[in-house]
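From first to last, the protein sequence lines are chains A and B. Residue numbers for the first sequence follow the numbering used here, so the first one is 1 and each next one is one higher. Residue numbers for the second sequence follow the numbering used here, so the first one is 1001 and each next one is one higher.
Treat the hints as calculated values from the structure; they're not laboratory data. All values reported here derive from a predicted model rather than from experimental measurement.
Result set (BS3-like, lysine-lysine): computed pairs, CA atoms no more than 25 Å apart in a straight line:
id, chain 1, residue 1, chain 2, residue 2
1, A, K114, A, K55
2, B, K1050, A, K124
3, B, K1124, A, K124
4, B, K1114, A, K114
2 protein chains.
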Amino acid sequence: MSSATERAGGRLSMKDEVAALKRQHTVDATVDLFYENGYENTTLDAVAEKLGVSKPFIYANFGSKAELLAEICERGVAIAHDAIDGVTALELPPAQALELFARRYITTILENQKHIAVYVREDKNLDPAEGRRIGLMRSDFFAKIRALLEAGAAAGEFESDDSQIAALAIGGAVTWTTFWYRPDGRLSVDEIAERMSRSILRLAGLLQSR
Amino acid sequence: MSSATERAGGRLSMKDEVAALKRQHTVDATVDLFYENGYENTTLDAVAEKLGVSKPFIYANFGSKAELLAEICERGVAIAHDAIDGVTALELPPAQALELFARRYITTILENQKHIAVYVREDKNLDPAEGRRIGLMRSDFFAKIRALLEAGAAAGEFESDDSQIAALAIGGAVTWTTFWYRPDGRLSVDEIAERMSRSILRLAGLLQSR
DNA sequence: GGCTCAATTTACGCGTAAGTAGATTATAAA
DNA sequence: TTTATAATCTACTTACGCGTAAATTGAGCC
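Construct the entire structure; sequences and hints are all you get.
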């Protein structure tokens, strides 16, 4: 991960900072277009035009169109990991942990909607090796949700017949938001996070019913 | 919908039956390949080879590659509608209706996994007009789930703060199964339907907790 | 002001796959 | 058995977009 020109203390050299910035801008423009038109319907010429540069500029920073896609997908999965790791680090009791996680997870996914939608859709266009690698990251993430649910079940706080299925149901409900959420829609991100996390807590058998 | 050569009583002429069969086989082969490799990575030559015919055979029955995709997507949404319509027709009390719907919905989606996965992924490759049309069908479907939840809430059987969000959560959890389910996996379709429908019932505030 | 090297561009080659025109074969009627 | 018609195939055109080689610009330096 760390560049050869990385400085002591984690600071990057000017050169690397510039390179990172170029990559960032390129990814930002690309994710918009991939989200809007799909991977195959987006030409790198269109990305270049949106960036105000020419195609070989992109090739100076990314080896191929597929590598650009991999970067987007990886960031998408990474932010999901951040959401659960941040909660786990707090060492809260399971019920509070799940509640906090649900909110953060939904919020994060909605804020990075395009990355997630592109990852889910364009999986098959990843280089096979990258696809496996990122797929494993995704499995890891679901394993973490599962562990959270099992901790709650063990503590007698949740009711979960099959924590694996419950984890997948939760992940599915949240991932699916990326396909219907529109920034100009009825509800804000926070309102959706508020309401959907209630559904998730009930799903885990946490909230009192009837 | 009905062909000019449709016979009295809804029976099709020999010619139309043959044509329908050809379309069916073509769709079956295509959905496998689209599911496996994605739309853009699948050539019609590959579809033809799998069918044991040549490419113009396909063009004799479908106007374009995109039309073939539209057929797959439409069937995917149509079977979801069948699942809920079949339950609504029984006029059960809300709690039983939801339970039956959840099971049927999951089962149907898993049995038609490939259609659903392809639809979700390849939306952007549909002809825009077809995309809108099928998108409306999908919205209709979610509206039906929502109506079911609201009927239950009105009857005091469910607990649903926001039936729209709950419907989307349920739909998401089930749709997502198409991305992780493998026929040779740990659980059978029925086992998944059994366990996941429990999660869904809890989500709707139906099952007793703690 | 001219020199060097890096960053960026212009312009193109090349593979690929959708869609099609015309040849060919099967079907069935006369 | 001949002939008309429908079904299917072979072989082609065409368009498009990824990736790149060679040309160009510009920033820092002597």
